[in-house]
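Peer 1: Spelled out, the chains give:
Protein chains: 2
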Amino acid sequence: MKKHFSFEAIMNMEKQERVHFINSLGGFKSVSLLGTVNKQGQTNLGIFSSIFHIGANPSLIALIFRPSPPERDTLRNILETGYYTINHINENIYQQAHQTSARYDSDISEFDITGLQPEFKNNFKAPFVAESNIQFGVEFKERIDISINNTIMVIGEIKEVYVPENCLGEDGFINLEKANTITCSGLDSYHKTVQLDRLSYAKPDKELTSIA
Amino acid sequence: MKKHFSFEAIMNMEKQERVHFINSLGGFKSVSLLGTVNKQGQTNLGIFSSIFHIGANPSLIALIFRPSPPERDTLRNILETGYYTINHINENIYQQAHQTSARYDSDISEFDITGLQPEFKNNFKAPFVAESNIQFGVEFKERIDISINNTIMVIGEIKEVYVPENCLGEDGFINLEKANTITCSGLDSYHKTVQLDRLSYAKPDKELTSIA
Numbered sequence: 001m002k003k004h005f006s007f008e009a010i011m012n013m014e015k016q017e018r019v020h021f022i023n024s025l026g027g028f029k030s031v032s033l034l035g036t037v038n039k040q041g042q043t044n045l046g047i048f049s050s051i052f053h054i055g056a057n058p059s060l061i062a063l064i065f066r067p068s069p070p071e072r073d074t075l076r077n078i079l080e081t082g083y084y085t086i087n088h089i090n091e092n093i094y095q096q097a098h099q100t101s102a103r104y105d106s107d108i109s110e111f112d113i114t115g116l117q118p119e120f121k122n123n124f125k126a127p128f129v130a131e132s133n134i135q136f137g138v139e140f141k142e143r144i145d146i147s148i149n150n151t152i153m154v155i156g157e158i159k160e161v162y163v164p165e166n167c168l169g170e171d172g173f174i175n176l177e178k179a180n181t182i183t184c185s186g187l188d189s190y191h192k193t194v195q196l197d198r199l200s201y202a203k204p205d206k207e208l209t210s211i212a
Numbered sequence: 001m002k003k004h005f006s007f008e009a010i011m012n013m014e015k016q017e018r019v020h021f022i023n024s025l026g027g028f029k030s031v032s033l034l035g036t037v038n039k040q041g042q043t044n045l046g047i048f049s050s051i052f053h054i055g056a057n058p059s060l061i062a063l064i065f066r067p068s069p070p071e072r073d074t075l076r077n078i079l080e081t082g083y084y085t086i087n088h089i090n091e092n093i094y095q096q097a098h099q100t101s102a103r104y105d106s107d108i109s110e111f112d113i114t115g116l117q118p119e120f121k122n123n124f125k126a127p128f129v130a131e132s133n134i135q136f137g138v139e140f141k142e143r144i145d146i147s148i149n150n151t152i153m154v155i156g157e158i159k160e161v162y163v164p165e166n167c168l169g170e171d172g173f174i175n176l177e178k179a180n181t182i183t184c185s186g187l188d189s190y191h192k193t194v195q196l197d198r199l200s201y202a203k204p205d206k207e208l209t210s211i212a
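Heads up: the protein sequence lines correspond to chains A and B, in order.
Heads up: the first sequence begins at 1 in full-length UniProt numbering, then just goes up one per residue.
Heads up: the second sequence begins at 1 in full-length UniProt numbering, then just goes up one per residue.
Any given hint could turn out to be false.
Chain copies aren't distinguished; within one or between two, either way the pair holds.
Simulated crosslink set (DSS-like; lysine-lysine; CA at most 27 Å straight-line) [claimed, not checked]:
| no. | residue 1 | residue 2 |
| --- | --- | --- |
| 1 | LYS178 | LYS39 |
| 2 | LYS203 | LYS121 |
| 3 | LYS178 | LYS192 |
| 4 | LYS15 | LYS141 |
| 5 | LYS15 | LYS203 |
| 6 | LYS159 | LYS125 |
| 7 | LYS206 | LYS125 |
| 8 | LYS178 | LYS141 |
| 9 | LYS206 | LYS141 |
| 10 | LYS141 | LYS159 |
| 11 | LYS2 | LYS15 |
| 12 | LYS203 | LYS3 |
| 13 | LYS15 | LYS159 |
| 14 | LYS125 | LYS192 |
| 15 | LYS3 | LYS159 |
| 16 | LYS203 | LYS2 |
In case anyone wonders, no lab produced these hints; they're calculated from the structure.
The task is simple: from the sequences and hints, build the whole structure.
Peer 2: Written out as structure tokens, the structure is:
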């Protein structure tokens with residue numbers, strides 16, 4: 001049996017209940033650690049579930065910043081330095097990743113707090129997370145202010161990518177499951193995945209086939 | 001062993017390879033069916049993996065439209081009528097859902113093609129997918145043109161929600177896994193999930209606990 005929630009019922013929810021509810025409705029989300037430095041070289045690490053693909057040509061990735069303090073160090077560092085890393089979260093590090101959402105002072109690095117290792121390589125200006133299996137470096141391109149709810153979209157271009165060799169498909173597909181990348185739902189629920197199938201490119205009047 | 005891809009290596013990929021590769025990097029994504037009608041009442045159904053949460057107060061959801069033909073019916077209908085439904089995909093309907101990505105003519109309804117049932121209820125102006133366990137109705141609020149890659153972001157407000165009663169948590173959390181909602185990666189890979197844990201709200205100097 002489905003329960004129906006009218007607009008009024010949603011608006012009458014207690015604030016934190018609505019946050020859980022609406023966050024869940026969006027479905028499963030990517031969840032990654034975003035690594036930055038400030039102008040003085042102080043590292044910062046934050047967990048984000050608002051990262052999404054917007055196009056492959058050019059290779060762009062976007063994320064949403066909410067108007068809340070813990071995300072502000074990351075945003076400030078991106079705007080100051082122009083660079084950041086995105087690091088997939090796996091089953092071994094999701095608790096440490098979750099802990100980065102606590103409101104630490106700006107002079108504290110979440111790398112130190114969690115014990116996750118900053119990894120600087122190939123002269124990229126932001127730290128990767130050594131324990132992450134899929135890592136990529138991004139250059140800031142554009143900020144779009146979303147006035148309807150005071151959030152900020154940041155768009156960046158993917159400049160460097162590190163992927164385990166055994167997770168790379170011939171057609172460019174990356175087997176995230178094999179890389180132990182996890183997904184999240186709502187504010188705080190973490191999930192591993194079990195592949196059902198990969199399906200062929202859909203065309204009218206053509207049967208789908210498995211390409212897994 | 002990780003393989004390193006420089007910016008040049010990424011740009012030198014064959015176009016379709018880069019599409020798979022960059023799409024995969026974004027991590028696991030929500031995947032849903034978007035139901036609309038045009039001014040004449042002709043139904044349309046399309047699969048989207050670019051839907052994301054942007055805020056709970058007001059209750060907003062966004063999605064990205066790429067500049068490709070199959071998505072155009074959905075976008076036109078949203079702008080014409082102002083309403084659409086978002087319907088979570090489960091293990092029983094993901095092949096039918098995938099088939100909606102084929103380029104059918106505008107006068108063909110993907111409901112008819114796939115056999116998925118349109119469900120009109122509570123006077124909402126767009127059709128839900130009867131086979132979907134989590135459904136919600138959305139009102140168009142704002143269009144933002146993203147000039148950097150010629151995509152369009154559409155923001156809507158959540159007006160009605162239908163969720164199985166046994167998937168509702170006391171704190172507002174919706175158990176997507178119990179509702180059989182699935183996730184996707186890349187362009188064509190579908191996955192069910194296995195919950196690792198729900199973690200308590202993170203605070204400095206406080207141990208995380210399981211709230212699953």
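Peer 1: Against which earlier hints does the structure fall short, listed by number upward?
Peer 2: 1, 2, 7, 8, 9, 12, 14 and 16
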